[in-house]
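Protein chains in written order, with full-length UniProt numbering: chain B, 1 to 204; chain E, 1 to 204.
Think of the hints as simulated: they come from the structure by calculation, not from any bench. Keep in mind that the hints are not guaranteed to be accurate.
Stated by the list, open to error - Taking CB as the label site, the calculated pair distances span:
(1) R49(B) / E117(E): 40 to 48 Å
(2) Y88(E) / G96(B): 38 to 46 Å
(3) D30(B) / G47(E): 30 to 38 Å
Claimed, not checked - Interface residues of chain B toward chain E, partial, derived using beta-carbon atoms under 8 Å:
(4) M160
(5) Y163
(6) V167
(7) R178
(8) S181
(9) I184
(10) A185
(11) R190
(12) V193
(13) Q194
Claimed, not checked - Each computed DMTMM-like pair below joins lysine to aspartate or glutamate, with the alpha-carbon atoms no more than 20 Å apart:
(14) K180(E) / D164(B)
(15) K97(E) / E3(E)
(16) K180(B) / E173(E)
(17) K180(B) / D30(E)
(18) K23(E) / E46(E)
(19) K180(B) / E168(E)
(20) K180(E) / E186(B)
(21) K180(B) / E186(E)
(22) K180(E) / E173(B)
(23) K4(B) / D98(B)
(24) K180(E) / E168(B)
(25) K180(E) / D30(B)
(26) K180(B) / D164(E)
(27) K18(E) / E46(E)
(28) K57(B) / E46(B)
Everything numeric in this text was worked out from a predicted model, so none of it was measured. Beta carbons: idealized from backbone N, C-alpha and C, even for Gly.
Protein chains: 2
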Amino acid sequence: MQEKGLLIVLSGPSGVGKGTVRKELFSQPDTAFEYSVSATTRLPREGERNGVDYFFKTREEFEEMIRDDQLLEYAEFVGNYYGTPVEYVRATLDAGKDVFLEIEVQGASQVRRKFPEGLFIFLAPPSLLELENRIVTRGTETEDIIKGRMKAAREELEMMELYDYVVENDQVERAAGRIKSIVIAEHCRRERVQHRYKKMLEVD
Amino acid sequence: MQEKGLLIVLSGPSGVGKGTVRKELFSQPDTAFEYSVSATTRLPREGERNGVDYFFKTREEFEEMIRDDQLLEYAEFVGNYYGTPVEYVRATLDAGKDVFLEIEVQGASQVRRKFPEGLFIFLAPPSLLELENRIVTRGTETEDIIKGRMKAAREELEMMELYDYVVENDQVERAAGRIKSIVIAEHCRRERVQHRYKKMLEVD
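Construct the complete structure from the given sequences, taking the supplied hints into account.
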């Protein structure tokens, strides 16, 4: 029987740099997991491409996906929907490949309920001040949006409880390296590999 | 309060290459843990140095250490004692540094009882045949010793149950890399870092 892949879920407060870390991971040639592209109703930022960064959907299209149960998780965040199409995730895991999701914290807790055996990684800011700096220097948001995000971030940090690992995003290459280490380590967990060695003992 | 270091225990069947993997790990400049040198009554192999590879002891000296409770663990294996002096381990962990032990499987289960929170890594051969090849090509043992070791290896593989991680020693640099990844991942475990972030939430 084909061994199933790992479901790797990267989440964390808005503005912490999930997308940057994910891009760093997937720019490295030895990254051996498949990226699951999310669907969203928010407008593309400069340089974002449909089907690569997100599947950009209208609100009507997105709500149809919800009704048809085509989403592993979805969340509404700052007025927009974000979600993960389920079909690609299941097919890739069944083929024995690891799947990587980069999603908002609301969505991550939905995935936790459906895939408790998944690998949940919380990307954390070095400090809340640092988080604020990052949001401000993005330079495209009003002060009210920033304040709202700070409040959300505090709530989201409390959600850390649901995760297996916490990776501090002090520096993007280091954060990506830690995530790769976590995936390598999880593949070495005794429960996961034990059955292979039990076979060796049966054959003399 | 100073956060304690991790106790990392590498063990596995005799002949699997624990010493070679340990040497590879400690030859790399970015390895950030301290090696705990074992004590033994076996004779030095060519190139082994006292205080670096082992503390070489007489049987009388070793039994005195046992009586004085100076050993974290000890085992008798193929007619010789092997053990870990406890003082260095406790002092290094208390100073917040990770300590690395490379020990026989008998000893590892003693350490598990005393340090259940330790990180236990089982170094496994790619196959029992491969294990046999390695022992034979070392070229210094009789056939009876080899047969005895094969039997021991099968028993030791059954001991895998006690470990957190299994690292296959298919290739020494890869095995060392996996061990480093496991240590990095363990430092990111949520339980371990959560209290740091809780502090951030208390301070507004």
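These are the hints, each one checked on the structure:
Between R49(B) and E117(E), the C-beta spacing of about 46 Å keeps the proposed range 40 to 48 Å intact. Under the hint 38 to 46 Å, the C-beta atoms of Y88(E) and G96(B), about 44 Å apart, fit the expected range. Roughly 34 Å separates the CB atoms of D30(B) and G47(E), a value that falls within the hinted 30 to 38 Å. The interface hint given for M160(B) is met, as the beta carbon of that residue sits about 6 Å from the closest beta carbon of chain E, less than 8 Å.
Interface restraint check for Y163(B): the shortest CB-CB distance to chain E comes to about 5 Å, inside 8 Å, so the restraint holds. Checking V167(B) against chain E by beta carbon gives a least distance of about 6 Å; that is within 8 Å, so the hint holds. Among the interface hints, the one on R178(B) holds; its C-beta lies about 6 Å from the nearest C-beta in chain E, closer than the 8 Å criterion. About 4 Å separates the beta-carbon of S181(B) from the nearest beta-carbon of chain E, less than 8 Å, and the hint is met.
Interface restraint check for I184(B): the shortest CB-CB distance to chain E comes to about 4 Å, inside 8 Å, so the restraint holds. The restraint placing A185(B) at the interface with chain E holds, with a minimum CB-CB distance near 4 Å, inside the 8 Å limit. Using the Cβ-Cβ criterion of 8 Å, the hint placing R190(B) at the interface with chain E is satisfied: the shortest such distance is roughly 5 Å. Below 8 Å, beta-carbon pairs count as interface contacts, and V193(B) has one with chain E at about 5 Å; its hint therefore holds.
Given hint, Q194(B) at the interface with chain E, holds; its Cβ is 6 Å from that chain's nearest Cβ, closer than 8 Å. The hinted pair formed by K180(E) and D164(B) meets the criterion: a straight-line CA distance of about 19 Å does not exceed 20 Å. With a C-alpha separation of about 9 Å, the suggested pairing of K97(E) with E3(E) holds against the 20 Å cut-off. Proximity of K180(B) to E173(E) is assessed by CA-CA distance (about 17 Å); at most 20 Å being required, the pair is judged to hold.
A distance of roughly 17 Å separates the Cα atoms of K180(B) and D30(E); the hinted pair therefore holds under the 20 Å criterion. For the proposed pair K23(E) and E46(E), the alpha carbon gap of about 15 Å is at most 20 Å, so the pair holds. Only pairs whose Cα atoms come within 20 Å are accepted, and K180(B) paired with E168(E) is accepted, the gap being roughly 18 Å. With a CA separation close to 13 Å, the supplied pair K180(E) and E186(B) stays within the 20 Å bound.
This hinted pair checks out: K180(B) and E186(E) have alpha carbons roughly 13 Å apart, not beyond 20 Å. Distance check on the hinted pair: K180(E) and E173(B) sit about 17 Å apart at the alpha-carbon level, within 20 Å; holds. For the hint pairing K4(B) with D98(B), the CA-to-CA distance comes to about 8 Å; that is within 20 Å, so the pair holds. Annotation: proposed proximity of K180(E) to E168(B) holds, straight-line Cα distance about 18 Å (limit 20 Å).
About 17 Å separates the Cα atoms of K180(E) and D30(B), which keeps this hinted pair within 20 Å; it holds. Distance hint between K180(B) and D164(E) is fulfilled; the C-alpha atoms sit about 19 Å from each other, no more than 20 Å. With a C-alpha separation of about 17 Å, the suggested pairing of K18(E) with E46(E) holds against the 20 Å cut-off. Among the hinted pairs, K57(B) with E46(B) is consistent with the structure: their alpha-carbon atoms are about 17 Å apart, no more than 20 Å.
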